[in-house]
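So the chains spell out like this:
There are 2 protein chains.
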Amino acid sequence: MIDIRDDWKSKLVVYAITDDREDTKSLLAAVEAALAGGATAIQLRRKRDDGGPMLRLGLEIRRLTREARALYIVNDRVDIALLTEADGIHVGQTDIPCKRVRELAPDKLIGVSARTTAEAFEAERDGADYVGVGAVFPTTTKADAIHSGIDTLRAIAGTSSIPVVAIGGIDIARAPQVLAAGADGLAVVSAIMSAPSPRDAARAFASLYRESDRSR
Amino acid sequence: MIDIRDDWKSKLVVYAITDDREDTKSLLAAVEAALAGGATAIQLRRKRDDGGPMLRLGLEIRRLTREARALYIVNDRVDIALLTEADGIHVGQTDIPCKRVRELAPDKLIGVSARTTAEAFEAERDGADYVGVGAVFPTTTKADAIHSGIDTLRAIAGTSSIPVVAIGGIDIARAPQVLAAGADGLAVVSAIMSAPSPRDAARAFASLYRESDRSR
Ligand code: NI
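Each protein sequence line maps, in turn, to chains G and B. The UniProt record's numbering numbers the first residue of the first sequence as 1 and each following residue consecutively. The UniProt record's numbering numbers the first residue of the second sequence as 1 and each following residue consecutively.
Think of the hints as simulated: they come from the structure by calculation, not from any bench. Among the clues, some could well be false.
Copies of the same chain look alike in the list, so a pair counts if it fits in one copy or across any two.
[Unchecked claim] With a straight-line cut-off of 30 Å between C-alpha atoms, the simulated DSS-like cross-links for lysine-lysine are:
#1 Lys25 <-> Lys47
#2 Lys99 <-> Lys25
#3 Lys47 <-> Lys108
#4 Lys47 <-> Lys99
#5 Lys9 <-> Lys47
This one's a predicted model, so the numbers in the text were calculated from it and none came from an experiment.
Can you make the complete structure from the sequences, with help from the hints?
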């Protein structure tokens, strides 16, 4: 059986994150379209859902990502990640710490959000598999997100020995400078999920990456 | 070593549930006082917390309940329950279903909320260890809670072969009719946590139970 996690680092490139819309049918349609367009990873992030609805969404996304051979990562909730056979878990600075996540899920990828070089260093030291750096640009999705900026991204990408996924306000116009700063992946919420065509949007990010220096 | 879960059914009697206050120091003080007064179980229920703060609270409550030989139960999040060595997990109808919780936590007690006799029957059939029935009275803690009423409680208590914990708007004045309806335990949020003295409040519930027919 092909393990989706084979070559997982190359699957951080077009990393689409779900939004909090109530219409889960529409959300799953957007996820499916994003995968058809070339999204390489889907993160289930649902801050308002109870465990039941999140579990059902996760099982659907696991099915879709398995078909597409894309990574499926769950934000915050290790229990949902375990029950839906996720490839990984992504935690922020206020979620369960990386080391404790590892206790519950020794075989999964663990991503940790970092806003500063210090947080990125700590994540690597604590055994994170990749680090999510941001917000690189101001964002509407997380109104309270600290704006880390491109310079912080460049500093972390230059010193980190684990892959660096950039997040926060990334759209097609801004993606080139994010890649030029050394990002291994582009984490995107609204520029894919709220695009008129999530499929075209994901495809645009994928081809932009292929044509960049990062893919060489 | 004495297992706190020995004789766990008798520890559902004074079942105090945490509220969502921001001041966690004050919350832990209330928990400690409730235990000193005779609370037999503490449920960590924090709907607004991220995993990190909830984990820290859980570790503190585990320490306090271990000293008091009281049950410690986590609402909704199985991951936090596992990491904090909880005795059990409590799930509502929109949380992870009982059977899936059991997969992750085969050795823990599982409580399931039920608003109707049908939901209570389903919980028992799905392997719940106890059922939480309510809201027996209108409540301010859960504004959206369906009011099940004393009659539903009586019907469930009369047919259920697992313990029945009543919840929703229970205070000292109303507790006697809840016990008379057949409840095995009194789940209480504000009447203990927001009492001028959580210790005196817990003690009052405990002695009310001891003097009731239920304790014979
Ligand atoms: Ni939550």
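Hint check:
{"no.": "1", "hint": "Lys25 <-> Lys47", "result": "both (17 Å within a copy, 25 Å between copies)"}
{"no.": "2", "hint": "Lys99 <-> Lys25", "result": "between (35 Å within a copy, 25 Å between copies)"}
{"no.": "3", "hint": "Lys47 <-> Lys108", "result": "both (21 Å within a copy, 26 Å between copies)"}
{"no.": "4", "hint": "Lys47 <-> Lys99", "result": "both (22 Å within a copy, 23 Å between copies)"}
{"no.": "5", "hint": "Lys9 <-> Lys47", "result": "within (26 Å within a copy, 34 Å between copies)"}
The structure is consistent with each of the numbered hints, conforming to all of them.
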